[in-house]
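Peer 1: As a plain string of letters, each chain reads:
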Amino acid sequence: SAVISQKPSRDICQRGTSLTIQCQVDSQVTMMFWYRQQPGQSLTLIATANQGSEATYESGFVIDKFPISRPNLTFSTLTVSNMSPEDSSIYLCSTGEAGELFFGEGSRLTVL
Amino acid sequence: SQQGEEDPQALSIQEGENATMNCSYKTSINNLQWYRQNSGRGLVHLILIRSNEREKHSGRLRVTLDTSKKSSSLLITASRAADTASYFCATDDIGTASKLTFGTGTRLQVTL
Chain A
1 SAVISQKPSR
11 DICQRGTSLT
21 IQCQVDSQVT
31 MMFWYRQQPG
41 QSLTLIATAN
51 QGSEATYESG
61 FVIDKFPISR
71 PNLTFSTLTV
81 SNMSPEDSSI
91 YLCSTGEAGE
101 LFFGEGSRLT
111 VL
Chain B
1 SQQGEEDPQA
11 LSIQEGENAT
21 MNCSYKTSIN
31 NLQWYRQNSG
41 RGLVHLILIR
51 SNEREKHSGR
61 LRVTLDTSKK
71 SSSLLITASR
81 AADTASYFCA
91 TDDIGTASKL
101 TFGTGTRLQV
111 TL
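Sequence order for the protein chains is A and B. For what it's worth, the numbering used here labels the leading residue of the first sequence as 1, then goes sequentially. For what it's worth, the numbering used here labels the leading residue of the second sequence as 1, then goes sequentially.
No wet-lab data here; the hints were simulated from the structure. Watch out, some of these pointers could steer you wrong.
Below, a list of computed lysine-lysine pairs in the DSSO-like style, where the Cα atoms sit at most 30 Å apart [claimed, not checked]:
(1) A:Lys-65 with B:Lys-69
(2) B:Lys-99 with B:Lys-26
(3) B:Lys-70 with B:Lys-56
(4) B:Lys-56 with B:Lys-69
(5) A:Lys-7 with B:Lys-99
(6) B:Lys-26 with B:Lys-56
Covered stretches of chain B, as calculated for chain A (at least 3 residues, CB under 8 Å) [to be verified]:
(7) 14-21
(8) 25-34
(9) 61-75
Where is the CB? At the ideal position from N, CA and C, for every residue including glycine.
Taking the hints into account, I'd like the entire structure generated from these sequences.
Peer 2: Below you can see the structure in the form of structure tokens.
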């Protein structure tokens with residue numbers, strides 16, 4: 001299993017600003033995943049972050065809007081850029097092996 | 001990949017009763033998993049069933065999988081108020097390198 005810490009846990013942001021979410025894992029992992037959960041909805045995968053390479057983005061998500069860093073095997077960041085109210089969501093970091101995922105507590109962003 | 005669908009969307013039962021949630025999906029899978037989410041927080045992995053398995057038990061949880069119908073069910077027996085949460089199925093689709101596709105979720109309310 002893996003223990004994942006995310007911060008901030010929540011934030012209120014102004015339209016047009018950017019916010020970086022940090023994700024720390026207590027062990028070295030190969031893949032880290034970033035998900036978005038819009039209010040009352042399910043989880044949608046934003047991108048997969050592998051150490052030493054560019055993140056792989058899912059359809060509908062682009063690097064300019066959601067730049068991701070993966071500087072080492074225990075840490076990743078997701079930036080939500082030029083935010084609008086539509087970006088108000090819970091952003092979740094996860095990792096796992098053999099299909100089973102472990103999640104952080106999520107970062108709840110509200111954009112005004 | 002296309003998101004799976006769960007039904008019911010919401011379920012309210014009394015403590016001690018059983019709760020059954022259903023999940024349908026569209027693709028061929030390596031495995032199917034169920035997760036629980038309390039009040040918009042991080043997800044907790046409950047159980048994983050592989051594509052060659054038909055039924056699996058873990059404590060008060062029973063999961064079935066019918067790959068011919070592309071469906072799964074989660075049964076929680078003798079429910080408790082602490083079981084109140086949202087439950088999501090997630091499929092590890094063949095050919096997607098361990099990325100999970102989450103269903104739409106069932107909100108379970110267990111009352112005293």
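Peer 1: Look at each hint and say if it fits the structure.
Peer 2: Results for each hint:
Restraint check: the Cα-Cα separation between A:Lys-65 and B:Lys-69 comes to about 38 Å, which exceeds 30 Å; the hinted pair is violated. For the hint pairing B:Lys-99 with B:Lys-26, the CA-to-CA distance comes to about 15 Å; that is within 30 Å, so the pair holds. For a cut-off of 30 Å, the pair hint linking B:Lys-70 to B:Lys-56 stands: about 16 Å separates their Cα positions. For the hint pairing B:Lys-56 with B:Lys-69, the CA-to-CA distance comes to about 17 Å; that is within 30 Å, so the pair holds.
Simply put, A:Lys-7 and B:Lys-99 have alpha-carbon atoms about 23 Å apart, close enough for the 30 Å limit, and the pair holds. As the CA atoms of B:Lys-26 and B:Lys-56 are separated by approximately 21 Å, the hinted pair is consistent with the 30 Å bound. For the stretch 14-21 of chain B, the stated coverage by chain A is not satisfied: 0 residues place a CB nearer than 8 Å to a CB of that chain, which falls below the threshold of 3. Taking a C-beta to C-beta cut-off of 8 Å, the stretch 25-34 of chain B contributes 3 residues in contact with chain A, enough for the three needed, and the coverage statement holds.
With 0 residues bearing a CB less than 8 Å from a CB of chain A, the stretch 61-75 of chain B misses the requirement of three and the coverage assertion fails.
In summary, the structure is inconsistent with hints 1, 7 and 9 from the numbered list given earlier, while agreeing with the others.
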